[in-house]
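A.B. asks: Chains X and V, in that order, give the protein sequences.
Here the first sequence is numbered in numbering that gives the first Met the number 0, starting from 0 and rising by one per residue.
Here the second sequence is numbered in numbering that gives the first Met the number 0, starting from 0 and rising by one per residue.
To be clear, the hints were calculated from the coordinates, so they are not data collected in a lab.
On a predicted model such as this, the values are computed, not experimentally measured, just so you know.
It cannot be assumed that every hint is accurate.
[What the hints assert, rightly or not] Chain V side only, calculated, beta carbon under 8 angstroms to chain X, not exhaustive:
| # | residue |
| --- | --- |
| 1 | 8 |
| 2 | 19 |
| 3 | 23 |
| 4 | 62 |
| 5 | 225 |
| 6 | 237 |
| 7 | 247 |
[As the list claims (entries may be wrong)] Under the rule of at most 27 angstroms between Cα atoms (straight-line distance), these lysine-lysine pairs were calculated in the DSSO-like manner:
| # | chain 1 | residue 1 | chain 2 | residue 2 |
| --- | --- | --- | --- | --- |
| 8 | X | 151 | X | 70 |
| 9 | X | 87 | X | 34 |
| 10 | V | 217 | X | 34 |
| 11 | X | 217 | V | 217 |
| 12 | X | 34 | X | 178 |
| 13 | V | 88 | V | 217 |
| 14 | X | 70 | V | 70 |
| 15 | V | 91 | V | 151 |
| 16 | V | 88 | V | 34 |
For every residue, glycine included, the Cβ atom is placed at its ideal position computed from N, Cα and C.
There are 2 protein chains.
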Amino acid sequence: MLVQLTENVLRVLNLPIVSILFLLVVVWIAGELSKRIGLPPVLGELVAGLIIGPPILNMVTYTEGLDILAKLGMFFLMFYAGLETDPKKLFKVSRSAIFIGILGTVVPFALGMVVVIGLGGTFLQGLFIGAAISGTSMVTKSRILYDLKILKKRIGYTIMGSAMVDNMLSFIILSVAIKSVIIGEFTLFEGIITLAETSVFFLVSIFIGYKLYPRITKYMRQTTRGFTFAIIVGLFFAFFAEIMRIHFVIGAYLAGLMVSEEIA
Amino acid sequence: MLVQLTENVLRVLNLPIVSILFLLVVVWIAGELSKRIGLPPVLGELVAGLIIGPPILNMVTYTEGLDILAKLGMFFLMFYAGLETDPKKLFKVSRSAIFIGILGTVVPFALGMVVVIGLGGTFLQGLFIGAAISGTSMVTKSRILYDLKILKKRIGYTIMGSAMVDNMLSFIILSVAIKSVIIGEFTLFEGIITLAETSVFFLVSIFIGYKLYPRITKYMRQTTRGFTFAIIVGLFFAFFAEIMRIHFVIGAYLAGLMVSEEIA
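Bound-form chain X, shown alone (with noise of 0.2 angstroms):
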C-alpha cells in the first residue's frame, strides 16, 4: 500500500493543477509579504515570479495549460480595466494621454538609440533597444493602480489612456524594426502599414461599439445570459486586435470600455 501511495502521489505531483495550486500559494504568500513591508502586493508577485520561474530556481516552466492561463489572465485583467474604466473620462484626458504616451515613447527610444550607435552599436541595433525601451505593460499598470485604489481616479485615467498610446507607438516602432531587419535596411513602408491597420482597428472597433455593440445588445438583454455574452465579446476583440497584429490585451480592454459604457 505504501509502494502505491508512493507512486500515486508522484503522478498526483506532475498534473498541471498542482503547479496551479504551488503558483497560487507561493504568489499570495509574496503579496502578503509585500504588503506587509508597504509595498504593493503585484511587486512582490513578479518578485517571487522571477524567482520561482526560469530566470532563478526554474520551478516552474513553460507549459500550454500555463500559457493559456497567464493569456487568459491578462485579457481578464484588462477587460476588468476596461468595464471600470468611464469612456467619458477616458476621453476627455485623450489630449494629456496622447501628449504623455508620445514622450513617453519618444524619450525612452531616443536616449536607447543615442546610447547604443555612441557605444557603437548599428543603426538597426539602436532601432531594437530603443523600441525594447520604449514599451510599457498596461496589464501591470492596470493592476498596481487597482491595487492603489486610483484606476478610476483623473490620473488613473490618464495614465491608462498614455499607455495605450505609448503601446501602440512602441509597436509601430517594433514592427519597423523588425521588417528592417528582415528586408536588411529600415523601411518606412511597414510603419506606414502598420499605422493603417492600427487605424482601421480603431475605426472598426469605435464603429462596433458605439453602433453595432448597442443594438445587439438591446435585443439581447431580453435574456439572463449577458455575462457569457460579454466574455465572448472580449474575446472577439482581443481575437480582432491580434488579426490587425495589435496586442491582444487592447482589444480586451476596448471591449471593457464598450461593456462598461452598456451597462452603465
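Place chain V on chain X using the hints.
C.D. replies: Relative to chain X, chain V alone:
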C-alpha cells in the same frame, strides 16, 4: 499587404484563445437554442460539445490548454456547488442520501453484470461494464440542479449527497475491477485498501474543515485577500483527493462546503 494579412489571419486562427472563443460562441448559441425549445441549457451545450468535438466533426480536439481549462471549469463548478450548500442541511438528508446512493450504484452495477455475463461475457468483463454504468457525474448534476434552481432545495441536497455516495462506491468498484485485471483474478484486498483510503480522506477532511480551518480563517480574516485563500483551500482539497485516489471534484465540493460554513 494582403499576403501579410492572410499570413497573420492564419497565425491568429491557430492561437488557443481562438478555440476558446469558438467554443464559447458554439456553447452559448446551443444553450440559448436549448432554452428556446424548453430544454435545460446544459443539454444543448452537451450536444454541441459532442457535435464539434472528436466524436462527430472533430473541429476542436484535445490540447493541454483546453484540458486544464476543462479541469478548472469542473473544479469551480463543484467548489461553487459546495459554497452554495449548507452543510447542516446536507447532513440532515444524509440517511436518505446514503440509501439512494447505495441503491443507485448497486442496481445498475448488478444489472450490468447480469446482462454482460448473461450475454456470454466473463466475470471481469461484467465487473467493468457494471462499474462503468454505475457511476454518475456530480459536475453535470450540480449544473442541472443550479439551472433548475433546486440546488438549495431539499431535493437538491438529497441528489448531491447521493451522487457523492454513488461516486465513491462506483470508484471503489472500478478500482477493484482495474486491480483484478492487473493481477488476473478478482481481489477483495484492493477494495478494502480503497475503502480505507476513502475513509482516511473523509476523516482528515472533516478534521481540517471543522477543527483546523476555522482557526486559520480567524487569523486570516484580518487580511483582505480571502478570495485567493479560498481558491487555494479548494485546490488543496482537490489535490488531496487525487492523492487518496478519489476524483478531485469531490475534494473541491468538500472545500466549498467548509468555506461556506466559514462565510455564513
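A.B. asks: Taking the hints in turn, state whether each one holds.
C.D. replies: Against the structure, the hints come out as follows:
1. 8: holds (6 angstroms)
2. 19: At 7 angstroms from the nearest chain X Cβ, residue 19 (chain V) passes the 8 angstroms test, so the hint holds.
3. 23: holds (5 angstroms)
4. 62: Residue 62 (chain V) check passes; min Cβ-Cβ to chain X is 7 angstroms, inside 8 angstroms.
5. 225: violated (11 angstroms)
6. 237: holds (6 angstroms)
7. 247: holds (7 angstroms)
8. X:151 x X:70: Holds, at roughly 24 angstroms.
9. X:87 x X:34: violated (33 angstroms)
10. V:217 x X:34: Roughly 19 angstroms between the alpha carbons, so the hint for residue 217 (chain V) and residue 34 (chain X) holds.
11. X:217 x V:217: Distance ~46 angstroms between residue 217 (chain X) and residue 217 (chain V) Cα, so the pair is violated.
12. X:34 x X:178: Cα-Cα ~44 angstroms, so violated.
13. V:88 x V:217: holds (24 angstroms)
14. X:70 x V:70: holds (17 angstroms)
15. V:91 x V:151: holds (13 angstroms)
16. V:88 x V:34: Given pair residue 88 (chain V), residue 34 (chain V) is violated - Cα atoms ~30 angstroms apart, limit 27 angstroms.
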